[in-house]
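Peer 1: Start from the sequences, fold in the hints, and give me the full structure.
There are 2 protein chains.
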Amino acid sequence: MLRRAGIVSAMSAGYHMSTEDFRRHGHAMVDWIADYLDSVEERPIQPSVKPGEIRARLPARAPEQPEPFEAIARDLDDIVMPGITHWQSPGWFAYFPANSSPPAILGEMAAAGLAVQGMVWATSPACTEVENVVMDWLVDLLALPQTWKTTGPGGGVIQMSASDSTHMALVVARHRVTARGGRAADAVAYGSAQAHSALEKGARVAGYEHIRLIGVDAVHALDPEELRRAITADLEAGLVPAFVQSSVGTTGTTAVDPVRTVGEIAAEHAMWHHVDAAYAGTAMICPEFRHHQDGLELVDSYTFNPHKWMFTNFDCNAFYVADRSALVDTLSIVPPFLRNPATESGEVIDYRDWHVPLGRRFRALKLWFVLRSYGAEGIRHHVREHVRLARELADRIDLDDRLGLVAPVPFALVCFRHVAGDAATERLAAAINASGVAHVTPSRLEDGAFIRVSIGQTHTEQRHVDRLWDLVDELAPPV
Amino acid sequence: MLRRAGIVSAMSAGYHMSTEDFRRHGHAMVDWIADYLDSVEERPIQPSVKPGEIRARLPARAPEQPEPFEAIARDLDDIVMPGITHWQSPGWFAYFPANSSPPAILGEMAAAGLAVQGMVWATSPACTEVENVVMDWLVDLLALPQTWKTTGPGGGVIQMSASDSTHMALVVARHRVTARGGRAADAVAYGSAQAHSALEKGARVAGYEHIRLIGVDAVHALDPEELRRAITADLEAGLVPAFVQSSVGTTGTTAVDPVRTVGEIAAEHAMWHHVDAAYAGTAMICPEFRHHQDGLELVDSYTFNPHKWMFTNFDCNAFYVADRSALVDTLSIVPPFLRNPATESGEVIDYRDWHVPLGRRFRALKLWFVLRSYGAEGIRHHVREHVRLARELADRIDLDDRLGLVAPVPFALVCFRHVAGDAATERLAAAINASGVAHVTPSRLEDGAFIRVSIGQTHTEQRHVDRLWDLVDELAPPV
Numbered sequence: 001m002l003r004r005a006g007i008v009s010a011m012s013a014g015y016h017m018s019t020e021d022f023r024r025h026g027h028a029m030v031d032w033i034a035d036y037l038d039s040v041e042e043r044p045i046q047p048s049v050k051p052g053e054i055r056a057r058l059p060a061r062a063p064e065q066p067e068p069f070e071a072i073a074r075d076l077d078d079i080v081m082p083g084i085t086h087w088q089s090p091g092w093f094a095y096f097p098a099n100s101s102p103p104a105i106l107g108e109m110a111a112a113g114l115a116v117q118g119m120v121w122a123t124s125p126a127c128t129e130v131e132n133v134v135m136d137w138l139v140d141l142l143a144l145p146q147t148w149k150t151t152g153p154g155g156g157v158i159q160m161s162a163s164d165s166t167h168m169a170l171v172v173a174r175h176r177v178t179a180r181g182g183r184a185a186d187a188v189a190y191g192s193a194q195a196h197s198a199l200e201k202g203a204r205v206a207g208y209e210h211i212r213l214i215g216v217d218a219v220h221a222l223d224p225e226e227l228r229r230a231i232t233a234d235l236e237a238g239l240v241p242a243f244v245q246s247s248v249g250t251t252g253t254t255a256v257d258p259v260r261t262v263g264e265i266a267a268e269h270a271m272w273h274h275v276d277a278a279y280a281g282t283a284m285i286c287p288e289f290r291h292h293q294d295g296l297e298l299v300d301s302y303t304f305n306p307h308k309w310m311f312t313n314f315d316c317n318a319f320y321v322a323d324r325s326a327l328v329d330t331l332s333i334v335p336p337f338l339r340n341p342a343t344e345s346g347e348v349i350d351y352r353d354w355h356v357p358l359g360r361r362f363r364a365l366k367l368w369f370v371l372r373s374y375g376a377e378g379i380r381h382h383v384r385e386h387v388r389l390a391r392e393l394a395d396r397i398d399l400d401d402r403l404g405l406v407a408p409v410p411f412a413l414v415c416f417r418h419v420a421g422d423a424a425t426e427r428l429a430a431a432i433n434a435s436g437v438a439h440v441t442p443s444r445l446e447d448g449a450f451i452r453v454s455i456g457q458t459h460t461e462q463r464h465v466d467r468l469w470d471l472v473d474e475l476a477p478p479v
Numbered sequence: 001m002l003r004r005a006g007i008v009s010a011m012s013a014g015y016h017m018s019t020e021d022f023r024r025h026g027h028a029m030v031d032w033i034a035d036y037l038d039s040v041e042e043r044p045i046q047p048s049v050k051p052g053e054i055r056a057r058l059p060a061r062a063p064e065q066p067e068p069f070e071a072i073a074r075d076l077d078d079i080v081m082p083g084i085t086h087w088q089s090p091g092w093f094a095y096f097p098a099n100s101s102p103p104a105i106l107g108e109m110a111a112a113g114l115a116v117q118g119m120v121w122a123t124s125p126a127c128t129e130v131e132n133v134v135m136d137w138l139v140d141l142l143a144l145p146q147t148w149k150t151t152g153p154g155g156g157v158i159q160m161s162a163s164d165s166t167h168m169a170l171v172v173a174r175h176r177v178t179a180r181g182g183r184a185a186d187a188v189a190y191g192s193a194q195a196h197s198a199l200e201k202g203a204r205v206a207g208y209e210h211i212r213l214i215g216v217d218a219v220h221a222l223d224p225e226e227l228r229r230a231i232t233a234d235l236e237a238g239l240v241p242a243f244v245q246s247s248v249g250t251t252g253t254t255a256v257d258p259v260r261t262v263g264e265i266a267a268e269h270a271m272w273h274h275v276d277a278a279y280a281g282t283a284m285i286c287p288e289f290r291h292h293q294d295g296l297e298l299v300d301s302y303t304f305n306p307h308k309w310m311f312t313n314f315d316c317n318a319f320y321v322a323d324r325s326a327l328v329d330t331l332s333i334v335p336p337f338l339r340n341p342a343t344e345s346g347e348v349i350d351y352r353d354w355h356v357p358l359g360r361r362f363r364a365l366k367l368w369f370v371l372r373s374y375g376a377e378g379i380r381h382h383v384r385e386h387v388r389l390a391r392e393l394a395d396r397i398d399l400d401d402r403l404g405l406v407a408p409v410p411f412a413l414v415c416f417r418h419v420a421g422d423a424a425t426e427r428l429a430a431a432i433n434a435s436g437v438a439h440v441t442p443s444r445l446e447d448g449a450f451i452r453v454s455i456g457q458t459h460t461e462q463r464h465v466d467r468l469w470d471l472v473d474e475l476a477p478p479v
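If you read the protein sequences in the order shown, they are chains A and B.
The numbering used here puts the first residue of the first sequence at 1, with every later residue one more than the last.
The numbering used here puts the first residue of the second sequence at 1, with every later residue one more than the last.
Don't take every hint at face value.
No copy is singled out in the list; a pair is fine if it fits within one copy or between any two copies.
What the hints assert, rightly or not - Computed list of lysine to any residue pairs in SDA-like fashion (alpha-carbon distance at most 25 Å, straight line):
hint, residue 1, residue 2
1, 50, 325
2, 50, 469
3, 50, 16
4, 50, 120
5, 50, 443
6, 50, 419
7, 50, 470
8, 50, 28
9, 50, 200
10, 50, 350
11, 50, 224
12, 50, 60
13, 50, 473
14, 50, 122
15, 50, 332
16, 50, 151
17, 50, 152
18, 50, 74
None of these hints come from the bench; they were simulated from the model.
Peer 2: Laid out in structure tokens, this is it:
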């Protein structure tokens, strides 16, 4: 009998990795990650692989029989690593940061181990309630309106990306037009010409047939007079202004749209007013930046990415609505008469009604870990340090005859060009990136090419920015 | 000088957890996960917390100062764990499984450590190419059409959920209507009355004003004659049939719609034909189930969830299109004249144009780990074992005078009721769930209540299903 039980147990274990083996490989993986974090600064940031090179090293068919994990781990080093772009290098100044941090990685691990589905409160109450709490914490940390807490009429939810949140806001705005008897085909969405492409993409996905990208002023911020004129023209054409976005920290140059003025215009026309603070939202943890988002009481939805500058692994986008019923009414698949008393009373939140996907990981864990491990003061410290480094770099550029700033530096993005023009600017960016120790993004405004230097990777310090400046100084040709 | 460097280094480390501390806490977290996996079977599956109970144990404000990770880990045990629903218990028979497995957890860890963004090929080539490869592997493993490989005109991409994929397919179908000169407001989407609510939700989000839920036959599969009649009526009303979904394994009862017949109808009217095989897709790794999806050459898009039954942690939804240009033309934010030669030549794929979000995690790693760690034979073994256990349970139910099956068992979902009616059925489900050792889903069809038993959790074995049967046998009242 004992023998039979043994056989059954061995058979039934089947092809699963045992927990003993998981423990062993898990410890090795933790060391692998720690070694990676310790060595990432020494690695050339951009890999040199050509299209198809990684693929060519992988078999065309999945294995029929199990492979030992040691073989998989070896291929992670030998095949995958040569094709990795090192976003976590402290020399990463490209795009905006997509930061990880040790507590966030630990949070991802815990979430993967529990592997719960938080689609509704009942399918794992802690998944919903920890998310409620950390979203409410952020309301206080960023000085967002108190009514945006989940204990009030609004609320915050974690989505995958700011693109998802912006798309959701566009869908709710379109739904409001039809709910008022208008035609979806007449709805118009507005944002600045410097708004993230997520606006245009989200509007297209949501079926908007009219998208207006409004002109900007000398510092690349939306021109409210031009917005007014566009709205007037659309009203005269019989269209329905439905949605307007204010960007607080555009992707191009971190320009700041006039949130209050846009909010007043939106209110005049009963439009949905969405704020995209994907990158800059994190800075609001420091009171000295909050004047950039003055007017939030005139905002219907707001999005920012803890997965950018708040040391929380992607995906962790925070999406707030001033009135969650507008969102839930649009997305809930349960007709109103079937809603349960707990949901209606506000006792529980069923996050499935807050976004397109039904299933959801326990993403709040990593954010909870980060906020507690750093404390508000820890995050403020590093944000301020990044901003200080950015302004120092901007001063150096400003004093150099070969270089010119192309935009103010309200946060930690420095935009500059070589005065000799596009070719010199593009060559300079390419030369910096070829160094392997620093990575910047070549970009363009209407008046020509420029270089984006985003200072904000988790471990970027004075010495990394100094090294970048030495590179710029050495590589920029004389005028 | 040395002293100064020391000070700078200590200061600049700031509030970050050191890699030494990460190593220590990471090892402890691996052990915590392993202990959890070893003990999950002993835990009552459904927590007993009331709404607000977890929240009440958390402070109303984030800490100002950093907290030691030991305190956070303690709260994970003391505050979070009492609010966890144990989806990874082998007694989990509720909903469909949302499986994790040791290799998938290791994959999540590696992805969190690298923390790269795969929005376009260039931002981390390995992230895109490993995804290309595993998506192509699955084409062979599931016997999908060869043209769906990324090396052909089609291709696969990892999305968050089947809801996202279905929404995407609906958006592409709507876009095709307007591209042909039709009006989005006239587009009609069809699916069976037993289709997942993601169809209705996705269609609403995509702005469809006409959604037809078609009647089903005696085994809950879409009735193609009713579909034809609905299409004819809509055409006569001047509307544009745009999208039709075949479900292969509905959520309610794993009913299988007639894919080939629906595909023929779709082709007649130039409609987009989408297959939702969210749960059952995994079974296609075994040739004996493939007759259920006969007709895939008449399909435009297909979705299934490795994060359900393929032992890969959520989120990992696979979305295939027969012609990727339809998807990219709809979603690409770069006008055609700006597309780069590498993208156009098919040398690289930029996955940002395949879904709403721009940023993307390296989700292919965990699927790559799973497919290699189990091997195709390992996955087949466990799928077949789950199906065998389901049919054995169905036989037991069928032989019991108190109970009746309400649907065939094509895969591993058993749907049954107590013959005494709704009240007895609902009480039985509640009693099973109150046991804490097994968890089922009470559900409803038009003719009344029933109990869904989904056999497919990673570690569910004979003894767990036997225990469930013992519970049913003990708790079901006599007739």
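Peer 1: Next step is simple, just say for each hint if it's right about the structure.
Peer 2: Here's how the hints hold up against the structure:
Taking CA atoms no more than 25 Å apart as the test, residue 50 paired with residue 325 passes between copies only; the shortest distance there is 23 Å, against 49 Å inside one copy. With identical chains, the CA atoms of residue 50 and residue 469 are never at most 25 Å apart, being 29 Å at best within one copy and 57 Å at best between copies. In this assembly of identical chains, residue 50 and residue 16 lie within 25 Å of each other by CA distance neither inside one copy nor across copies; the values are 36 Å within and 35 Å between. For the homomeric pair residue 50 and residue 120, the shortest alpha-carbon distance between copies (14 Å) is at most 25 Å, but the shortest distance inside one copy (44 Å) is not.
For the homomeric pair residue 50 and residue 443, the shortest alpha-carbon distance inside one copy (23 Å) is at most 25 Å, but the shortest distance between copies (52 Å) is not. When the C-alpha separation of residue 50 and residue 419 is checked against a cutoff of 25 Å, the pair qualifies neither within a copy, at 33 Å, nor between copies, at 65 Å. Proximity of residue 50 to residue 470 under the C-alpha cut-off of 25 Å is found in neither arrangement, the shortest distances being 29 Å within a copy and 59 Å between copies. Proximity of residue 50 and residue 28 under a CA criterion of 25 Å is satisfied in neither setting, with 30 Å inside one chain copy and 39 Å between copies.
In this assembly of identical chains, the alpha carbons of residue 50 and residue 200 never lie at most 25 Å apart, being 31 Å within a copy and 43 Å across copies at closest. For a Cα distance limit of 25 Å, the shortest separation of residue 50 from residue 350 across copies, 15 Å, qualifies, whereas the shortest one inside one copy, 45 Å, does not. Taking CA atoms no more than 25 Å apart as the test, residue 50 paired with residue 224 passes in neither setting, with 46 Å inside one copy and 49 Å between copies. Taking identical chains as interchangeable, the C-alpha atoms of residue 50 and residue 60 lie at most 25 Å apart only when both belong to the same chain, with a minimum of 18 Å there against 51 Å between chains.
For the homomeric pair residue 50 and residue 473, neither the shortest alpha-carbon distance inside one copy (30 Å) nor that between copies (62 Å) is at most 25 Å. Taking CA atoms no more than 25 Å apart as the test, residue 50 paired with residue 122 passes between copies only; the shortest distance there is 10 Å, against 48 Å inside one copy. For the identical chains of this complex, residue 50 and residue 332 are inter-copy neighbours only, at 23 Å across copies versus 46 Å inside a copy, given an alpha-carbon limit of 25 Å. Taking CA atoms no more than 25 Å apart as the test, residue 50 paired with residue 151 passes between copies only; the shortest distance there is 16 Å, against 52 Å inside one copy.
Taking the shortest Cα distances, residue 50 and residue 152 sit within 25 Å of each other only across copies (20 Å), while inside one copy they are farther apart (52 Å). When the C-alpha separation of residue 50 and residue 74 is checked against a cutoff of 25 Å, the pair qualifies only within one copy, where the shortest distance is 21 Å, while the shortest distance between copies is 47 Å.
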